[in-house]
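Asker: What follows is the residue order along each chain.
Number of protein chains: 2
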Amino acid sequence: MKFYQKWQGRNCSPERNAWFEATVPGNIQKDYAIANNFADWQYSDNHKQFIELEDDHWEYRTSLCYDKKDGERVFFVSEGINYKYDVLLNGDNIYSYEGMFRGFELDITDKLTGKDDMLTVHIYPHPKSTRGEAGTRDEANESCNPPVYYGWDWNPRLLISGMWDEAYIETRDETYIDKCEVLAELSDDMTEGFVSCVFQCALPCEIMLFDADGAEIYRGTDKSFRVKAPKLWWCNGQGEAYLYKWVIRNAKEERTGYIGFRRLRLLRNLEFEGPKVFPKGPYEAPITIELNGRRIFCKGSNWVNPELFWGDITAELYEKQILLAKNCNMNIFRMWGGAGAPKKSFYDICDREGMLVWQEFMLACNEYIGLEGYMKTLESEASAIIRKFRYHACLVFWCGGNELFNSWSGMDQQSHPLRLLDKLCYELDYKRPFLFTSPLIGMAHGGYTFYSDDQGGDVFQQFQSSNCTAYTEFGVPAIASMDTLKTIIPENEMFPPEPTPAWIAHHGFGAWGMERWLCKNVLDKYFDEPSSMREMVDRSNWLQCEGYRGAFEEIRRQWPRCSMGINWCYNEPWKTAAGNNLLAYPSTPRPSYYYVQKAMRPTLFSARVPKFDWKRGETFEAELWLLNDAPESVKGSVKVSAEIGGAHFDLGEWRTEVQGNTNGRGPTVRFVLPDIDGTDKLILKLDSEDGRESCYEYLYRPKKNIKKIRQLNV
Amino acid sequence: MKFYQKWQGRNCSPERNAWFEATVPGNIQKDYAIANNFADWQYSDNHKQFIELEDDHWEYRTSLCYDKKDGERVFFVSEGINYKYDVLLNGDNIYSYEGMFRGFELDITDKLTGKDDMLTVHIYPHPKSTRGEAGTRDEANESCNPPVYYGWDWNPRLLISGMWDEAYIETRDETYIDKCEVLAELSDDMTEGFVSCVFQCALPCEIMLFDADGAEIYRGTDKSFRVKAPKLWWCNGQGEAYLYKWVIRNAKEERTGYIGFRRLRLLRNLEFEGPKVFPKGPYEAPITIELNGRRIFCKGSNWVNPELFWGDITAELYEKQILLAKNCNMNIFRMWGGAGAPKKSFYDICDREGMLVWQEFMLACNEYIGLEGYMKTLESEASAIIRKFRYHACLVFWCGGNELFNSWSGMDQQSHPLRLLDKLCYELDYKRPFLFTSPLIGMAHGGYTFYSDDQGGDVFQQFQSSNCTAYTEFGVPAIASMDTLKTIIPENEMFPPEPTPAWIAHHGFGAWGMERWLCKNVLDKYFDEPSSMREMVDRSNWLQCEGYRGAFEEIRRQWPRCSMGINWCYNEPWKTAAGNNLLAYPSTPRPSYYYVQKAMRPTLFSARVPKFDWKRGETFEAELWLLNDAPESVKGSVKVSAEIGGAHFDLGEWRTEVQGNTNGRGPTVRFVLPDIDGTDKLILKLDSEDGRESCYEYLYRPKKNIKKIRQLNV
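Chains as they are written, first to last, in this note's numbering: chain Z, 1 to 714; chain D, 1 to 714.
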């Protein structure tokens, strides 16, 4: 039996130590803020209210009343507490730990008096490394906290702590089924499944396996058994995410869960020829996912924490955002290391919905070194994460963390924390690949803006001149909707936007260099001085919509040399004023979401247009492609035309057929742009009868609208 | 007490099973060949005599007579037997193992009768993988044999087996000191040494440490103790290879050995700026050795097995070749994975002589996959190798093997054998770096010939247009000396050389493509039709001498962007007809050895000349450098002149000063080449008064000697 307690919380500083009602799961800083009537922290720079609490200690308490029963044990169970804490019962320390991802099950039976037993969780301040700059993410480099807490260019600094995941009192007797894990394997030839169950129970238990129609596949007491010709689990777009349900039960207790059978390999990308001339270096890192014998193109997004207060994250929230991703034709999430690992329900939903998951450990953009205490915590936390998620069909590989081999981090394959993670994955999850970091050789991150002179021009030009094996971060920012801006930017700061406290707090200015993420410099390159905030918002969203579409379609065209397109980023933890995300907080698709959704359709006609802005007299060109990352071959035809200010231009027709998971490259159409006043849009239409049509809007400059192109540095 | 037995051997095939005298350490195929009067296997293609023995079983036997004494145990001890074997006593199997690098200590006391006890070692045929081409090195891809046995482009196929390392009977009583290992560590600030001793003995033992002058530093019974301000161990050229002697003893037994204190790190190379444009990949692999806080340039050679029959390898042979390397101004050996690991004495000598050692495991150029049996053997063998050598000061890092990330191997960081090796090194030798393979990103192997159109021209052009972090294999071949050729090539095959059995057997033709290693196509590019074998030999050695010098000096000029120059290869296991080695079998310096020795001097004036062959009318140029990889700063001046057929040309003078471990770049001198008959040599002299002079010989073509330059493909 589980008992969910009512908890109280307090700040331990003498001047703040009144008890208040605490929400579990939750974060104690939020409970405190509510109890102390903090102003809306989404608004302006109000989140700074939390800064002065950073170095405080906190406490939770709850009172237990339990009548002892023979043969029954009482446990205090938690899925994890953030970050460094002691558990006390009637004032006696019964457990101490550092790390938010490992849960515990404390047998407290013998310490209970039966009346008003006081269970306390005492939480220490977050560690702050002194190796680096105070007040920045550098402070995270000696802890296993998700470094995003310490501040990121889309997450305000907010050192949250507390009982962020499930916690309860549980009574157990000899019927209790403990340490239950069911693993599914598939034979190399994919004709036979192997199921192995691990659990502990004093009583005999019955094991059952059912297929998705509820038909019984197995019933017995063998902890290992075979499944002949199992139906395979596929990711979104490649087939059904077929799951089998298992049940382990005795007369009183029952455990259930789901497993999927699939064979997963990480292969070298095709169409890479390697260095041809001596002295010769090595091949690139393998980054093509082969699922059930089929090389697949991975398309998706970088997942970050969907709430500032992680305790607020629910299965419902996960489900909403995962379904939106599936609906956006995505098949993979990169669980970016800066935001650690999710709660358990995330993986259950991804298993069910066919979303592949690339899971990183909680290292990002820092140099983590092999300090003894850090290594001990990392080993404990990483082991807990591996054991928590390794049975999921959707989990494709582990990864040490984000951008650890880049100059700003300074780690490499010799770094002891990464060697430890590789070793733990090898020991605890032998068959699943482990990547040291992203990017690895051949892969790349960036760019993150629509345009930069230094970075090769606009996003079309950047990606069309790149030749990487996987683009696992790239982004185009847009300003938030007017509705959102009104709830975070005070009216008197709204227009024209300047680096004021509210805009800075919400990452409009100064997030990464002064111009990000509002990127007024980019808007100024393409457009006249704006007359309103709404006009800026619209223009900025136009760039994000076509920029994302242009990048995603180009990345898909590079298949199979390139095997992944994963943009930065999917969601956001609060209302940013501008950013690269596709979902606006809490879970609202931005306009760009729908453009990415189009670019991600399994099958579509796509135009490879070399740049975004065109002027009269130039020869516009578009190379035609039929993109197909579905397993079936497709036939189709497309009519190409352009429109400028109502004038229509027929550009030709193309009929083609391509195999499954294969793209077709067609002719290039061209026409010289006429001089037409009264519009700044060049519309390119690929008309098709079968849902594969595309319609692009490029910037057009008639004669009178040609302005000086300024040099931009990002 | 140790007792070295006389052994007999036999081939187990019924038609060949006469007993013969066996040498231990040795290889049983050689014993058999001697007993059966095999023709000289160095001559012509006589090594093929061994092919028909490949799949045979073999046996060793010896008879033991031992009077049991109270309190004494009898052990059969071996440092390793090659490759898969059983040990039997009086017909009873007492031990079975696969792998040549792990020794054993078998307590046979209770099985001894005291009279004519028969100890037998039964050896199975070498495994031959069927994943690949029969009769090639592919057959090594499922075993932990050094793959070179299966044939390489400088080692004939010869599947040797037997008791290749020490083996003896030992009696032990309660005074015996067992499992003795002494490890030295140095504090991060290098002011304090830590010594930890591991051993087992029933009696108390005294531990002593002496400095190199014999002064006692420690005496006591603590197994861990500190050494204040220890003298540091340095590699050749950077300081003294300072060793401390330890003694562990009781009344009857004594163990001794040497330790050195040094702090070693593997750092990213300097002067690398990383990708500048989005999308951005990661940094290169770190490959600069920092020894005791000082970044050093590593110069050396690839070590291969110095004998066909590894049992013949002695400490004296190691010492001779290691001293020659030291005398050649080298400071590092890469222990190339194809030839596995050496015997123990190799490391003792390298410790003493200050030769750094990069040790690879026995994987090379193949795709080793995670088969269960292979993984088990690899774990056992690799663990044994790590424990055997980890206490040595000279050992700089472990490496998974040779060219495993290149196209012809097809492994990558996900390969389970490499993940296992990384894990074992992490667990057993935490502080020492582990490289997955060579080359890694930024590093390179090749080229291996003096000239190739496809590969960017001659060796000068190839290296001057390269920009790698480390060149860890590169070579220039030459034909063997006439004296050597006469002992391996029958007179009627000698000249002109053709792809006859003897030339092919000795790698003159068909070793790697048809032209290697004799490279007649390269000689034809530069020279007229040869009139004798001796003329070919001389020309070929000229190319090797200047080619190696040109490559090594250019690689040194690229410091610190580049941190290593390690040529392919140092030695050879038998008399090759042509090859890239610096020592000819058995241990004779080739002419190129002396040119490499000059190029490796700690301090020298060097000329960066853009190519090897010049013709009249061209503007010859030489950029002047003062190379210094010694720790001290140097001053010097140089006079530059050229000579063509007795005509002398003064080209200028340069005076400079450079810091320790730093090169100085000077002016470029130029002159237009006159037309002078009667010579094909352009001599460039850098005269200096202090041993830093250099004198280069380039090819010169006066008007009448200009021939058509043919296109060459390698």
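The set of hints was computed from the structure by calculation and includes no laboratory data.
Watch out, some of these pointers could steer you wrong.
Which copy is meant is left open, because identical chains are indistinguishable; a pair holds if it fits in one copy or across any two.
[What the hints assert, rightly or not] The calculated SDA-like cross-link candidates involving lysine to any residue, where the alpha carbons are at most 20 Å apart (straight line), are:
{"id": "1", "residue 1": "K376", "residue 2": "S129"}
{"id": "2", "residue 1": "K228", "residue 2": "R387"}
{"id": "3", "residue 1": "K111", "residue 2": "D348"}
{"id": "4", "residue 1": "K252", "residue 2": "E79"}
{"id": "5", "residue 1": "K320", "residue 2": "P125"}
{"id": "6", "residue 1": "K486", "residue 2": "E693"}
{"id": "7", "residue 1": "K115", "residue 2": "I94"}
{"id": "8", "residue 1": "K280", "residue 2": "S407"}
{"id": "9", "residue 1": "K128", "residue 2": "G645"}
{"id": "10", "residue 1": "K280", "residue 2": "G513"}
{"id": "11", "residue 1": "K84", "residue 2": "P125"}
{"id": "12", "residue 1": "K431", "residue 2": "R226"}
{"id": "13", "residue 1": "K84", "residue 2": "V672"}
{"id": "14", "residue 1": "K431", "residue 2": "G691"}
{"id": "15", "residue 1": "K115", "residue 2": "C65"}
{"id": "16", "residue 1": "K280", "residue 2": "N467"}
{"id": "17", "residue 1": "K431", "residue 2": "E623"}
If you're wondering where the values come from, they're calculated on a predicted model, not measured in any experiment.
Asker: Which earlier hints can't be squared with this structure?
Answerer: Violated: hints 2, 3, 4, 5, 6, 9, 13, 14 and 17.
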